[in-house]
Amino acid sequence: MKVFLKLLARNRLALAGGIVLMLVVFLVLITPILPLADPDVTNTANRFKLPFSEGAILGTDHLGRDLLSRLLWGTQLSLAVGFAAAIVAATLGATIGIIAGYYGGRTDNVIMRGVDMLMAFPYILLALAIVAALGPGLFNALVAVAAVNVPFFARNIRGITVGIAHKEFVDAARLAGLSDTRIILTEILPNVIPVIVIAMSTTIGWMILETAGLSFLGLGSQPPQADLGSMLGEARSALITNPHTSIVPGVMILIIVMSINLLGDGVRDALDPRLKSGALSRPMAATMVKRDGPVPAATGDGLLELQNLQTQFHVKDRVYRAVGGVSLHVKRGECLGIIGESGSGKSVTALSVMGLVASPPGVISGGAVRYDGEDLIGAPYRRLRDMRGKNVAYIFQDPLATLHPLYRVGEQLIEAIRAHRPIGKEEGQKKAIELLEAVRMPNAAKRISDYPHEMSGGMRQRVGIAMALANDPDIIIADEPTTALDVTVQAQILAMLDDLRRSRGLAIVFITHDFGVVAQLCDRVAVMYAGRIVEEGPTASILDKPTHPYTTRLMACVPQLGEGKRRLEAIPGLPPVVDKLPDGCAFADRCERVQADCRTGEIALERKGDRAVRCLHPVTPLQEAAE
Amino acid sequence: MTAALKLTDLSKTFYLGGTLFGGPTGSVKAVHPITLTVEHGDTLGIVGESGCGKSTLARMLVGLLNPTTGQIEIEGAALDNADPADFGKRIQYVFQDPISSLNPRKTIRQIMEAPLKRLHGMDKPERNKRIAEIFASVNLREEFLDRYPHEFSGGQAQRIGIARALAANARILILDEPVSALDVSIQAQVLNLLADLKSEFDLTYLFISHDLAVVEAVSDRIAVLYFGSVVEIGPAKDIFRAPRHPYTKLLADSAPVVGRALKAPEAKDTELPDPLNPPPGCSFAARCAYASERCRTEVPSLSESNGKTSVACFHPLGND
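Taken in sequence, the protein lines are chains L and P.
Heads up: the first sequence at position 599 corresponds to 599 in the numbering used here, and the numbers run straight through without jumps.
Numbers in the numbering used here are just positions in the second sequence, counted from 1, shifted up by 1000.
Think of the hints as simulated: they come from the structure by calculation, not from any bench.
It is possible that some hints are incorrect.
Unchecked claim - Partner residues aside, some chain L positions facing chain P, computed with beta carbon under 7 Å:
#1 Leu34
#2 Leu36
#3 Val41
#4 Asp171
#5 Ala172
#6 Ala176
What the hints assert, rightly or not - In silico contact screen, one side only, chain L against chain P (beta carbon under 8 Å); selected entries:
#7 Leu175
#8 Gly177
#9 Pro190
#10 Glu341
#11 Pro360
#12 Val363
#13 Thr488
#14 Ala491
#15 Leu543
#16 Leu554
#17 Leu561
#18 Glu563
As the list claims (entries may be wrong) - Chain L regions said to be covered by chain P (calculated; three or more residues, Cβ under 8 Å):
#19 69–81
#20 493–500
Beta carbons are placed, not taken as given, at the ideal position from N, Cα and C, and that holds for glycine.
Work out the full structure, taking the sequences as your base and the hints as a guide.
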């Protein structure tokens, strides 16, 4: 609630709207105790007195009634009717929507088609029909306005409910023995209420306007009772001669509706989780670079070289050191594995290479990334864009999320090629088929006109790989490309990647959490923990003789096929959060070999031969492991 | 002693394209008739790839889905109507995604109290006592009870999910991919916890997963599901070591194992059969190297073939 008010107050317009609305509501609330003239007493001798004349600050109307008094009483009535209509419409609409969305099937179908029919009528026509049937009067106008707005709420809430009703926590509630009614009231409703509030805050102004409209037509409040609409309606005949009688209620309607709408927009923005998470703030085209220290000199190791790379996320006043000084290299035709758990910084390392970490909040704060010797950190966006896909290509975990759902896969492949060189339609088509054949897509010529949803997960990932190959890159960075796939499909994809790197001399950086995959595909492997490399070396050597306690324990806690039923050796505790890293070794708290010196100072990555480890008390001495 | 769980010809067909007035235009057989028994205190692992019907099967077992045909018998009592509250006391479910299985707007205490109140009608002091007991068993601190789900890590949230399932006091737990959303180092913690709880509360598990190594490490028996049917079922220690169904062999060969060279175990790039248009014979025939004419026209049934493992195949491996 506090956060909500803070967010709301940050929006200046919403704040202004809120203050104005509160003033109006306050005035209306104290109206009964204000020393005002009776709003309904006519005094034709004093008709059409101008504003600021004696005894009538806002003047009088065509029957000599005090306009200020009528305005305040009228505003009170209009606001009350508007709010009441909004609450009635929201309650009814939400009930209908929740029932339709929760039960689904035929219930949903029948209810929603009824709502559709209601929506097919122009709202004013429908309201007129309702009032005509019930007879004029303020209460009937309220009924009409509420009825007209029910479909809006019903459709809105139904959509949200359908999404929630299929969530696992609803199933869990069923299994806990809750009845349907109780599930609706305690599981669904609390999750829908923010949406109802948002919908209400954006429509309440509209409802006040509609009520005023009906009163204006003489179908709402009946004389002598004043509301804003009827005041306007009565003043209409004197619009030219005595405009102030129309201007007074008109300005009040303007003020109310404006302030409610501004406030409503603010409420929506403050409550909507998507807006809160910053979905509307567009990330920059390349990650922000703020390097303080000197740029490390090129060493000429490998085609892609990361030198002491540091990437941070700046969220409010916290700094998350996602990548805390990573040095790696990969040669042509080589496959380097990066293994680690979620939050270890492996994906951020990969995305930093081409400046793909979203900024804000991402910042590359140090180190260098060299492609063939050229430093890419801080390279102009043009240069990065030119290299993305052409020199360094990415394959991501979820191909359904990375492919555009509305374009055929062939079109997307051609688009990927066109980003780097002009290609004709026919030639593009041919090249797309070639690419799909290269990733061993059966029936490639036919499949290029499929949409992504028409393919299975394995086939989609093949398209993802074909797209990465489209511009003959030298380096492919694959971020858990097989994690979402079934084992039989995973085996096919891994075999294909292995083939491609041998036949095309590709350098592959393969990010995973699976030692089995690393063992089969990668020449060398780097183990990451809390944003740093803790161990690195040739895969076979590391699997044979791991030196860092984390590597050892990580390998031990993953079951391997063929070892039978057994108790697993779990690692106790949780990985540290990277905004509060401890001094010394980040793994110390979970390590069984920990000693006092592990918790102080910086522990360096020690290197012997082709093995490296960041540990003071390794499981196997590094010298021995390197032999 | 009766079996903990007995399924007889349990199947599920989904009908597609139902409209306001017209009938369905097509149907998908998500689960073909399955008959199997889980002994008391056993862990039955169920493995299969996406779309093989393992989640549909699990949802029928707890009464979240109405079976099209067949019967579920829990500890000797037949449950014919899909009423989750009726099932809830006997069989409970642990969900794959620990966070989304907890209502974001309820405190952990409210979540934990629901089954105690609704299924067992306990009063307040009784409930508090029981919650304290369960939380101690799953190694959670009681101060967590007044927090909301988003304040927990995946591993903690999954412990809460397990605690909720235990609160219902059911003797059978369906574990639907309980660790696949967790990090590997946390996976082992949760798997060990599950093993401890099993002996502490004398539970029977149905452990569903796509991860062969995990299933092998926790199960006594394993059933392999392909395209809605059980194609092989047998002791966990034998099933991947000496697979008898060609599909089980394919699975075992595909799993990445340290020290085994990389090769695609399948030469052809095949996909699952179309569920709207199922093949007439064995559903694996199109991918199978041993398929004969008979396989393409006749559906093999699950039959005991060497005393331990049952297999649904006309040409099972390892017979010669």
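Structure-based check of each hint:
The closest approach between the C-beta of L:Leu34 and any C-beta of chain P is roughly 43 Å, which is over the 7 Å cut-off, so the hint fails. Given the 7 Å rule on beta carbons, the hint for L:Leu36 is violated: about 46 Å separates it from the nearest Cβ of chain P. The interface hint given for L:Val41 is broken, as the beta carbon of that residue sits about 53 Å from the closest beta carbon of chain P, more than 7 Å. Restraint check, L:Asp171 versus chain P: the minimum CB separation of about 6 Å is within 7 Å; hint holds.
With its C-beta approaching chain P no nearer than about 5 Å, L:Ala172 sits inside the 7 Å limit, and its interface hint holds. Evaluation of the L:Ala176 hint against chain P yields a held restraint, the C-beta minimum of about 4 Å falling below 7 Å. Restraint check, L:Leu175 versus chain P: the minimum CB separation of about 5 Å is within 8 Å; hint holds. The restraint placing L:Gly177 at the interface with chain P holds, with a minimum CB-CB distance near 3 Å, inside the 8 Å limit.
Look at L:Pro190: its Cβ gets to within about 4 Å of chain P, closer than 8 Å, so that hint holds up. Taken as an interface hint, L:Glu341 checks out: its beta carbon lies about 4 Å from the nearest beta carbon of chain P, inside 8 Å. For the restraint placing L:Pro360 at the interface with chain P, the shortest Cβ-Cβ distance is roughly 22 Å, beyond the 8 Å limit, so the hint is violated. Annotation: interface hint on L:Val363 violated; nearest CB of chain P at approximately 26 Å, more than 8 Å.
Against a cut-off of 8 Å between C-beta atoms, the interface hint on L:Thr488 holds, since the closest Cβ of chain P lies about 5 Å away. With its C-beta approaching chain P no nearer than about 4 Å, L:Ala491 sits inside the 8 Å limit, and its interface hint holds. A distance limit of 8 Å between C-beta atoms decides the matter here; for L:Leu543 the minimum to chain P is near 6 Å, and the interface restraint holds. Hint on L:Leu554 holds. Least Cβ distance to chain P is approximately 6 Å, under the 8 Å limit.
Contact between L:Leu561 and chain P, as hinted, is supported at the beta carbon level, the nearest pair being about 4 Å apart and thus within 8 Å. A least Cβ separation of about 7 Å between L:Glu563 and chain P falls short of the 8 Å threshold, and the interface hint therefore holds. Under the rule that three or more residues need a Cβ within less than 8 Å of chain P, the assignment of the stretch 69–81 of chain L is violated, with 0 such residues. Coverage of the stretch 493–500 of chain L by chain P holds. Counting CB-CB distances below 8 Å, 4 residues qualify, and the rule asks for three or more.
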